[in-house]
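The primary structure of each chain is shown beneath.
There are 2 protein chains.
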Amino acid sequence: MQDHDIETDVLIVGGGPAGMMCGITAAQFWPSRHVTLIRPEEEAVVPCGIPYIFGTLGGTDEDLAGRAPFLAAGGQILTGRIASADRNARTALLEDGRRIAWNRLVIATGSTPFVPPIEGRDLQGVFEIHKDYDYLDTLLSETLPGVKRLAILGGGFIGVEFADELRKRGIEVHLIEQRPHLLGASFDLDACVAVEQRLTALGVRIHTGATVEAITAGTDPKRVGGIRLNDGGTLAAEAVLIAIGTRPNTTLAGDMGLTLSRSGGVWVDGFQQSREDPHVFAVGDCAHKQDFFTRHANHALLASQAAAEGRIAGMNLYGLKLPRSNAGSISVYASQIDELAFGVAGLTEASAENIGFEVFTGDIRMPDHHPATMPGTHELHCRLVFDANSERLIGGQVIGGPTTAEILNILAVAIQLRATATDLASFQFGSHPRLTAPVHPIVAATGEALRRRLEKP
Amino acid sequence: MQDHDIETDVLIVGGGPAGMMCGITAAQFWPSRHVTLIRPEEEAVVPCGIPYIFGTLGGTDEDLAGRAPFLAAGGQILTGRIASADRNARTALLEDGRRIAWNRLVIATGSTPFVPPIEGRDLQGVFEIHKDYDYLDTLLSETLPGVKRLAILGGGFIGVEFADELRKRGIEVHLIEQRPHLLGASFDLDACVAVEQRLTALGVRIHTGATVEAITAGTDPKRVGGIRLNDGGTLAAEAVLIAIGTRPNTTLAGDMGLTLSRSGGVWVDGFQQSREDPHVFAVGDCAHKQDFFTRHANHALLASQAAAEGRIAGMNLYGLKLPRSNAGSISVYASQIDELAFGVAGLTEASAENIGFEVFTGDIRMPDHHPATMPGTHELHCRLVFDANSERLIGGQVIGGPTTAEILNILAVAIQLRATATDLASFQFGSHPRLTAPVHPIVAATGEALRRRLEKP
Ligand SMILES: Cc1cc2nc3c(=O)[nH]c(=O)nc-3n(C[C@H](O)[C@H](O)[C@H](O)COP(=O)(O)OP(=O)(O)OC[C@H]3O[C@@H](n4cnc5c(N)ncnc54)[C@H](O)[C@@H]3O)c2cc1C
Ligand SMILES: Cc1cc2nc3c(=O)[nH]c(=O)nc-3n(C[C@H](O)[C@H](O)[C@H](O)COP(=O)(O)OP(=O)(O)OC[C@H]3O[C@@H](n4cnc5c(N)ncnc54)[C@H](O)[C@@H]3O)c2cc1C
Numbered sequence: 001m002q003d004h005d006i007e008t009d010v011l012i013v014g015g016g017p018a019g020m021m022c023g024i025t026a027a028q029f030w031p032s033r034h035v036t037l038i039r040p041e042e043e044a045v046v047p048c049g050i051p052y053i054f055g056t057l058g059g060t061d062e063d064l065a066g067r068a069p070f071l072a073a074g075g076q077i078l079t080g081r082i083a084s085a086d087r088n089a090r091t092a093l094l095e096d097g098r099r100i101a102w103n104r105l106v107i108a109t110g111s112t113p114f115v116p117p118i119e120g121r122d123l124q125g126v127f128e129i130h131k132d133y134d135y136l137d138t139l140l141s142e143t144l145p146g147v148k149r150l151a152i153l154g155g156g157f158i159g160v161e162f163a164d165e166l167r168k169r170g171i172e173v174h175l176i177e178q179r180p181h182l183l184g185a186s187f188d189l190d191a192c193v194a195v196e197q198r199l200t201a202l203g204v205r206i207h208t209g210a211t212v213e214a215i216t217a218g219t220d221p222k223r224v225g226g227i228r229l230n231d232g233g234t235l236a237a238e239a240v241l242i243a244i245g246t247r248p249n250t251t252l253a254g255d256m257g258l259t260l261s262r263s264g265g266v267w268v269d270g271f272q273q274s275r276e277d278p279h280v281f282a283v284g285d286c287a288h289k290q291d292f293f294t295r296h297a298n299h300a301l302l303a304s305q306a307a308a309e310g311r312i313a314g315m316n317l318y319g320l321k322l323p324r325s326n327a328g329s330i331s332v333y334a335s336q337i338d339e340l341a342f343g344v345a346g347l348t349e350a351s352a353e354n355i356g357f358e359v360f361t362g363d364i365r366m367p368d369h370h371p372a373t374m375p376g377t378h379e380l381h382c383r384l385v386f387d388a389n390s391e392r393l394i395g396g397q398v399i400g401g402p403t404t405a406e407i408l409n410i411l412a413v414a415i416q417l418r419a420t421a422t423d424l425a426s427f428q429f430g431s432h433p434r435l436t437a438p439v440h441p442i443v444a445a446t447g448e449a450l451r452r453r454l455e456k457p
Numbered sequence: 001m002q003d004h005d006i007e008t009d010v011l012i013v014g015g016g017p018a019g020m021m022c023g024i025t026a027a028q029f030w031p032s033r034h035v036t037l038i039r040p041e042e043e044a045v046v047p048c049g050i051p052y053i054f055g056t057l058g059g060t061d062e063d064l065a066g067r068a069p070f071l072a073a074g075g076q077i078l079t080g081r082i083a084s085a086d087r088n089a090r091t092a093l094l095e096d097g098r099r100i101a102w103n104r105l106v107i108a109t110g111s112t113p114f115v116p117p118i119e120g121r122d123l124q125g126v127f128e129i130h131k132d133y134d135y136l137d138t139l140l141s142e143t144l145p146g147v148k149r150l151a152i153l154g155g156g157f158i159g160v161e162f163a164d165e166l167r168k169r170g171i172e173v174h175l176i177e178q179r180p181h182l183l184g185a186s187f188d189l190d191a192c193v194a195v196e197q198r199l200t201a202l203g204v205r206i207h208t209g210a211t212v213e214a215i216t217a218g219t220d221p222k223r224v225g226g227i228r229l230n231d232g233g234t235l236a237a238e239a240v241l242i243a244i245g246t247r248p249n250t251t252l253a254g255d256m257g258l259t260l261s262r263s264g265g266v267w268v269d270g271f272q273q274s275r276e277d278p279h280v281f282a283v284g285d286c287a288h289k290q291d292f293f294t295r296h297a298n299h300a301l302l303a304s305q306a307a308a309e310g311r312i313a314g315m316n317l318y319g320l321k322l323p324r325s326n327a328g329s330i331s332v333y334a335s336q337i338d339e340l341a342f343g344v345a346g347l348t349e350a351s352a353e354n355i356g357f358e359v360f361t362g363d364i365r366m367p368d369h370h371p372a373t374m375p376g377t378h379e380l381h382c383r384l385v386f387d388a389n390s391e392r393l394i395g396g397q398v399i400g401g402p403t404t405a406e407i408l409n410i411l412a413v414a415i416q417l418r419a420t421a422t423d424l425a426s427f428q429f430g431s432h433p434r435l436t437a438p439v440h441p442i443v444a445a446t447g448e449a450l451r452r453r454l455e456k457p
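First to last, the sequence lines map onto chains X and B.
For the first sequence, the residue numbers in the UniProt record's numbering are 1 to 457.
For the second sequence, the residue numbers in the UniProt record's numbering are 1 to 457.
Do not rely on the hints blindly, as some may be mistaken.
[Claimed, not checked] Calculated cross-link-like contacts (lysine-lysine; reagent style DSSO-like; alpha-carbon spacing at most 30 angstroms):
| no. | chain 1 | residue 1 | chain 2 | residue 2 |
| --- | --- | --- | --- | --- |
| 1 | B | 148 | B | 168 |
| 2 | X | 222 | X | 148 |
| 3 | X | 321 | B | 456 |
| 4 | B | 321 | X | 456 |
| 5 | X | 222 | X | 168 |
| 6 | X | 148 | X | 168 |
[Stated by the list, open to error] Some chain B residues flagged as far from chain X (calculated, every beta-carbon gap over 10 angstroms):
| no. | residue |
| --- | --- |
| 7 | 67 |
| 8 | 219 |
| 9 | 230 |
| 10 | 251 |
| 11 | 296 |
| 12 | 299 |
| 13 | 318 |
| 14 | 345 |
Worth flagging that the hints you see were computed from the coordinates, not collected in a lab.
Glycine is no exception: its CB is placed at the ideal position from the N, C-alpha and C atoms.
So here's chain X without its partners, still in its complex pose (with noise of 0.2 angstroms):
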């Protein structure tokens, strides 16, 4: 009797980005192999379109992600969850009791809302970001409909693009973030200030320097009537959304016995191979991030930087290549409220002097079309950090149109291959005035950077 129910090559746990593009990846690089998914759900839907749902989209049926791409690449998909693995036996058990033997694993668990130990938390309406079909269907049918108050604890991305999302639906959206500012962990000043003043101009509360001490109940104690700030006052609100951050999912490879990293993710190493088993793999939220610049923790969890990792491991399943290991994270995203776009690539300012860097900046605003005439035009502004002695790109922000988010991925592109201020500001970009700006802005506030160090004593 054979001891094990399904067999296959390649085994990814997880069926978010990170395991959705390793199992693309894995199956074009080595076409022999049997590659399998697993997951819980039935129809996933795209993370990052999650906020969309309750406002632009309009239903979780419109967020659906595909799964045509991988079974076109000839991958299969099961449904189910994996209750455990064992790496000798190089076998995986199934919740419902299947076991699946396989020779590679990849781990792309993912990772969950974190929920403080807050007085109220239990409270009906009180509710967090679940990547899940039938729970945000639910928030959406159930719990939302008739909400006119609705409180969103932390001001980092999710808080922001929820309370834009749920204004549009009439909800009277209070915004509660501890430090000074909205994304004040990602962003300089200006474009964290940029985001305040257009969602105050939409209606939304901002309330920044707060810290909730407690979610209370209503009139029906079981459910939420509102919350308490640090300064004794008091918020009414019939529901709460609680956004401060997520930790990995690493109870699958702790059993395992694999080694997590302090930052809370599975350790693995530049070609995401986890430390005691060169045949077991971890990518995405649920494997430990190394800076790009430093080496130390990076503890931005990014739906791009999961596939980046989901690539990588694919390329090296069966045989380690150097050059396709992972550099180190940098931090590369966007977003968008109502019209204005905002994003960063690498460091900030104040994020590289932090860790130690002598860096040098330039800004630039400018429109994003020639002539400034011409329809769609926005003001665009960008502002670059270099590093001072190499004098290479290690971060930019730039806030504007459309175009916002591609021109951060050139801004990735070129710390990937480490250009310097020099090589930005001797380059040919592409121009028309229907779609950029004349002078490219990153060419534009690289010559800003290097005018205003040659001013420099």
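The hints should help you fit chain B with the ligands onto chain X, whose structure is shown.
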């Protein structure tokens, strides 16, 4: 008595993109130097915006190029035309008789439209596109009103852009192109066909593989009445736009005894310095362009390239810096017909193979947002061309929405930093549902290229 009326350190002849950018850069990098730019135009138009004067923008005044950044950087503008320059005396003579003493001369005299010796070219109603405010204003207010049918000779960028803009005025536009496809010199087939289909759907009549034998008079023997094609066919038209290419303006440089390259432009080295005189530089459309890949002549005359050359000269005027030299033209450009944006960076598959490269390519079609239910989603087609030996990226074409040109700029940076397929396949890119595709199209197309390559025997 002094032998000149005006004295400057740097004299820039020409106020187009090359001259202006050189001026701004010179003022930034050499703040102690006096920088003067001379041009005949009181008000300069944005050259790339010219087609849009006739449709989208609606007026010549909507397409003015600013002088503010140059003045703010400390530069000075003179209005006038240089008749000749003396390299020994280091002076230049204005047409009005004034003499300017200079220490560094930058020739940025640009290009003018090429008009072939075709029968009927002097008839009223036959015109080209000059980058001149008054000329364009006259076209708009006198030549075009009343025109119901118009023929454009030349299906390159300018012809295609004018076709789209003029049809918006209700003019029946006929576009005549000698080659089998519009834009055939710049794009692989897919993009040409996409543009042809869109223009046809918009009512533009396309005549490819057709040569114009003569422009013919109408009832008024002084005015154009139509054109005669090589197959004997005729076409009635009350106006004819000739847009078949431009030629560098090199009279000034030639008269100064500077070497012209065989391609017609002023010979320049990697610092934009002339062969004969290290104090004399040439930039932009009037300067010879060496191809990034082959060192052969590159015939694409682009504002973005002109601006990059202006920057390079500006940075090297008083001391050469190797990293700030011109690595050669890669030809990055994009345009948009209706909502369809399209562009190219570097070599097409066909041009690479013509040169003798062994290539591998990857194609991907995907929505440019995720989920694709997001408002503003466009289909995006990305095609990448890699050198088979080095695995380096040598070109790419993108058809898509408003982010198309910035995606091409990512490719431009990657080409200039000599990124390989492996680099691009494992890179980090940011993603956001409202702003980008979930998997970056460059990563996806690279993955596809590597996959196809593995499949090859
Ligand atoms: C509201 C919201 C908005 C966001 N917006 C952005 C954005 O715009 N840009 C960006 O870059 N990032 C964004 N993120 C972050 C992004 O969603 C995550 O970084 C990404 O989902 C991580 O992908 P992953 O595959 O590692 O993990 P997850 O997406 O968490 O997927 C984990 C998968 O593993 C499965 N799993 C877990 N345990 C098991 C088990 N034992 N057996 C089988 N399967 C298991 C889960 O069910 C799931 O399928 C956002 C996140 C949220 C919540
Ligand atoms: C309709 C149209 C659309 C275009 N669209 C695009 C596009 O979308 N993207 C792109 O990259 N490129 C585009 N181009 C090409 C782009 O316009 C040129 O590459 C660019 O203008 C070249 O800049 P330049 O400064 O070298 O020369 P020019 O713009 O030709 O400027 C030359 C300057 O020199 C002056 N001059 C000449 N002789 C003298 C003299 N003796 N004394 C003083 N001054 C003198 C002229 O008056 C002028 O000011 C387009 C061109 C046209 C015509």
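Any hints from earlier that this structure breaks? Give me their numbers in increasing order, please. The structure conflicts with hint 14 only, although it agrees with all the remaining ones.
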